[in-house]
Amino acid sequence: MKTIFIKIILLNLLLITSVFSGKFENDIKPLLKNSFKTKEVVINQVSQKYSENDKLQTLLQALMKGDLFYTKQDKTFVVLYKKEGKIYYTKSLETQKQLEPMNKKMFKKVKTNNRLRSTIREKLAELNLFSKDRDIRYNSAKNMLKHVSQNSSVLVQKALKIEKDSKVLSVLNEINTIINVKFGTDKQEAIVKLGDYLSPQSLQALKEIYASSEDKELKELARLSIASINRSKDFYAFVEKAFFGLSLGSILLLAAIGLAITFGVMKVINMAHGEMMMLGAYTVYALQKSMPNLIEYSVIIAIPVAFLVSGIIGIIIERLVIRHLYGRPLETLLATFGISLILQQMVRSIFSPLNQEVKTPQWMSGALEINSALSLTYNRLYIIIFALLVFAGILLVLNKTSLGLKVRAVTQNRKMAQAMGIKTGLIDALTFGIGSGIAGIAGVALSQLTNVGPNLGQAYIVDSFMVVVFGGVGNLWGTLIGAITLGEINKFIEPVAGAVLAKVIILVFIILFIQKRPRGLFAQKGRDAED
Amino acid sequence: MKTNISLVQQILQKDKGGKIVLLMLFFVVVFVAISNLLIPKDSFFYISTYTVTLLGKYLAFALLALALDLVWGFIGILSLGHGAFFALGGYSMGMYLMRQIGDRGVYGNAELPDFMVFMNLKELPWFWCGFDNFFFAAFMIAFVPALLAFIFGWLAFRSRVTGVYLSIITQALTYALMLAFFRNDMGFGGNNGLTDFKDILGFDLQSDGTRISLLVLSFLALLGGYIVSKYIINSRLGRVCIAIRDTESRVRFLGYKVEQYKLFIFVVSAILAGIAGALYVPQVGIINPSVFSPMFSIELVIWVAIGGRGTLYGAIIGAFIVNYASTYFTSALPEVWLYALGGLFVIVTLFLPKGAVGFIKKLNLKKYTEVSNASS
Chain A
3 MKTIFIKIIL
13 LNLLLITSVF
23 SGKFENDIKP
33 LLKNSFKTKE
43 VVINQVSQKY
53 SENDKLQTLL
63 QALMKGDLFY
73 TKQDKTFVVL
83 YKKEGKIYYT
93 KSLETQKQLE
103 PMNKKMFKKV
113 KTNNRLRSTI
123 REKLAELNLF
133 SKDRDIRYNS
143 AKNMLKHVSQ
153 NSSVLVQKAL
163 KIEKDSKVLS
173 VLNEINTIIN
183 VKFGTDKQEA
193 IVKLGDYLSP
203 QSLQALKEIY
213 ASSEDKELKE
223 LARLSIASIN
233 RSKDFYAFVE
243 KAFFGLSLGS
253 ILLLAAIGLA
263 ITFGVMKVIN
273 MAHGEMMMLG
283 AYTVYALQKS
293 MPNLIEYSVI
303 IAIPVAFLVS
313 GIIGIIIERL
323 VIRHLYGRPL
333 ETLLATFGIS
343 LILQQMVRSI
353 FSPLNQEVKT
363 PQWMSGALEI
373 NSALSLTYNR
383 LYIIIFALLV
393 FAGILLVLNK
403 TSLGLKVRAV
413 TQNRKMAQAM
423 GIKTGLIDAL
433 TFGIGSGIAG
443 IAGVALSQLT
453 NVGPNLGQAY
463 IVDSFMVVVF
473 GGVGNLWGTL
483 IGAITLGEIN
493 KFIEPVAGAV
503 LAKVIILVFI
513 ILFIQKRPRG
523 LFAQKGRDAE
533 D
Chain B
86 MKTNISLVQQ
96 ILQKDKGGKI
106 VLLMLFFVVV
116 FVAISNLLIP
126 KDSFFYISTY
136 TVTLLGKYLA
146 FALLALALDL
156 VWGFIGILSL
166 GHGAFFALGG
176 YSMGMYLMRQ
186 IGDRGVYGNA
196 ELPDFMVFMN
206 LKELPWFWCG
216 FDNFFFAAFM
226 IAFVPALLAF
236 IFGWLAFRSR
246 VTGVYLSIIT
256 QALTYALMLA
266 FFRNDMGFGG
276 NNGLTDFKDI
286 LGFDLQSDGT
296 RISLLVLSFL
306 ALLGGYIVSK
316 YIINSRLGRV
326 CIAIRDTESR
336 VRFLGYKVEQ
346 YKLFIFVVSA
356 ILAGIAGALY
366 VPQVGIINPS
376 VFSPMFSIEL
386 VIWVAIGGRG
396 TLYGAIIGAF
406 IVNYASTYFT
416 SALPEVWLYA
426 LGGLFVIVTL
436 FLPKGAVGFI
446 KKLNLKKYTE
456 VSNASS
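Residue numbers (this note's numbering), protein chains in the order written: chain A, 3 to 533; chain B, 86 to 461.
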């Protein structure tokens, strides 16, 4: 008893001296001690004193995760950020600079216990909940939602008074309602209110009430609220599926637009179309390798570059091979398949047979959170928009420019076009170039979603042919609708039947569909349609 | 018997190329069989069992190429999914061979093949029943591919899916089957396929005698397939088929039921492909879903194209040339092989539209005209 008393006195002395010394590093020195009580006191002290200091945040977070260490040698605090076997990579807490990686024996961990961690969590939440940065406030509120306790009540009330941002407010309100449901006085109102929220925690709280409450009225209300949450959840799950379908559809659209041009407009089967996409994806990879400083912009830069790379290669292929095979579709199919093999092997020889890592720029990663049941990832969102833009662009080029006019003229009546002075050879080459170039752009988009490897193109070629056949040859609108329909069907069957069976079912569906409409959804009409 | 032989003679009468190719193959097979069985191992003339197996594999492939040439060369259906029929025949044979393993598998389970034990299946799936019986399996080898070809062809030809569309749909068909067979719960061994075969009809698969018998059987199957195909082509029906290949709509306007002709040829071709698959499996010792891959089916098209489409024996030549080159290059210069294969596709379509056979004929024609020019 006596010793403890002495210890406390000593501790207080220590604290007083350290507070007066006024330096953060000195103030946290007591964390070196083993006593959890000491640590708690210190944490409470420094949280009060340094709430504007960034280091406090770092310290608390590291402590929370168990990443705070000190060196045995000179007792300075370091934060662990990477482990490789027994080698620890650390940053100095004081200077925030990276230190030499060292063996883990050189460090000692600052230990925490449950009680301490809950204190830290509270302090962190408090710190963040009143931060100036809206995102930090939001995330902090989200974190609090995961561990709702009665203690948070005061904090939440305080935050609710000054918070302005609607999203943060909504989370705070949800926490508040859960607290009311669990510990409040007017449970009935809170239960009804909670039915409007979506997070798993709300559902959990309601289920607890439903399972344990003695009050029949409360039970009934909880049941209704649970049902309401489940209804909205089902709805958002449906929306999410539709979004995934749209996303797949937009990828198919990107892959199929180029094909719709070469196959639909020129009647050329280009089996190397998938490899044009692959080249586009590798363009992103090559650009990122050659300009490591511009990762953020690499995807944007890659779009025109990939268009040119794939387009020029397409033109070369057209001039060297396909030109000689017009009117012989089966031969074209075989020759372009040969080209696809050569291109694949070329990529294997130049880069490697392995998949390459393509980085996603910051602005494309993450997700747009609509609510806790629905979040849409940015890369998919951007790709949907991008696919539609490309589609609109192509439609414009084909319908509103003189090049488009010539392309249409050549496809409708080659001889007449020639008689009118259109250089049909040049138009053929350009059309094929555009089709291939768009495949390259599609590759840029794909590089953000799948592995970039020599087989990237093959995975999409069958699907994109299906789109064109389904949508109807020679009609871009058919391609649009075909792509999105197939994407949606796929994503809605997938959870029921599995990914593989979904593909098989779609194939059977298409085979049956062309029984009814052999020329696809939007068939070309008139004399031109029969070849 | 005599009438049979004369019928064969009649069929092959004007087919000089076919006779030469088949005779050459006959001599090669006889030579290989003798050198493998009768000549001592250290002799220079001894031919290893590896070569026997390789030749047997080529013969199975040649039969497959023949089947494709029948539909592509004579009725104008470019099937990019013939590998599927080949694989189905192969799987039927594989299932029979799996059942023959009995309790000699790794798990020693007499009731179930190893992979099913591994997957914790309690009893044999219904579609495996009957495969203990060789005759049932032999029936299925022809029946399964024929059924698929019938259903698919009936749907496709009825709705007049032609040309490239048909090619793409057939490719999608084999692609879908590949995906399906890759699934473990399909009950066909997933991506490992069926393997570890022990014996066929009680004969040890590893013994030289069985290998030679399979080789001879493959040759006989090829010969039989060739004669049947030739018979069909020379018949009245065959002429209609060729007319369909050249101008489908005219034949239709003349009152022929184009769909039925196509369906018949397609089914016959699928059966031949299935038999080829069934001969391939015991010799190679494995069947897995990669045979369903669109890549294999399209490679098969180049065998036919390079040999010469629409000649039947050209397909056999093509299968041998490409597969020999493939065996050689993949061990010697694996990097080069895909370039070479890709190049072959381009060169053959651009410069040799009639394949090797057409090329030789052209050379002969030139010689002939030169000779006649000189004499006149």
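Treat the hints with care, since some could be wrong.
Pairs of lysine-lysine residues, derived as BS3-like cross-links and limited to a Cα-Cα distance of at most 25 angstroms, are as follows [as the list claims (entries may be wrong)]:
| # | chain 1 | residue 1 | chain 2 | residue 2 |
| --- | --- | --- | --- | --- |
| 1 | A | Lys160 | A | Lys107 |
| 2 | B | Lys439 | A | Lys269 |
| 3 | A | Lys107 | A | Lys93 |
| 4 | A | Lys184 | A | Lys195 |
| 5 | A | Lys99 | A | Lys57 |
| 6 | A | Lys518 | B | Lys342 |
To give an idea of the interface, some chain B residues facing chain A are shown, with a C-beta separation under 7 angstroms as derived from the structure [claimed, not checked]:
| # | residue |
| --- | --- |
| 7 | Leu163 |
| 8 | Ile236 |
| 9 | Val246 |
| 10 | Thr247 |
| 11 | Ile253 |
| 12 | Ala257 |
| 13 | Met271 |
| 14 | Lys283 |
| 15 | Leu286 |
| 16 | Ile383 |
| 17 | Leu423 |
| 18 | Ala425 |
| 19 | Leu426 |
| 20 | Phe430 |
| 21 | Lys439 |
Derived from the structure by calculation, the hints contain no laboratory data.
All C-beta atoms, glycine included, are put in the ideal place defined by N, C-alpha and C.
Hint-by-hint comparison with the structure:
| no. | hint | in the structure |
| --- | --- | --- |
| 1 | A:Lys160 - A:Lys107 | violated, 45 angstroms |
| 2 | B:Lys439 - A:Lys269 | holds, 23 angstroms |
| 3 | A:Lys107 - A:Lys93 | holds, 16 angstroms |
| 4 | A:Lys184 - A:Lys195 | holds, 13 angstroms |
| 5 | A:Lys99 - A:Lys57 | holds, 12 angstroms |
| 6 | A:Lys518 - B:Lys342 | holds, 20 angstroms |
| 7 | Leu163 | holds, 5 angstroms |
| 8 | Ile236 | violated, 10 angstroms |
| 9 | Val246 | holds, 6 angstroms |
| 10 | Thr247 | violated, 9 angstroms |
| 11 | Ile253 | holds, 5 angstroms |
| 12 | Ala257 | holds, 5 angstroms |
| 13 | Met271 | violated, 9 angstroms |
| 14 | Lys283 | violated, 31 angstroms |
| 15 | Leu286 | violated, 35 angstroms |
| 16 | Ile383 | holds, 6 angstroms |
| 17 | Leu423 | holds, 4 angstroms |
| 18 | Ala425 | violated, 9 angstroms |
| 19 | Leu426 | holds, 6 angstroms |
| 20 | Phe430 | holds, 2 angstroms |
| 21 | Lys439 | violated, 12 angstroms |
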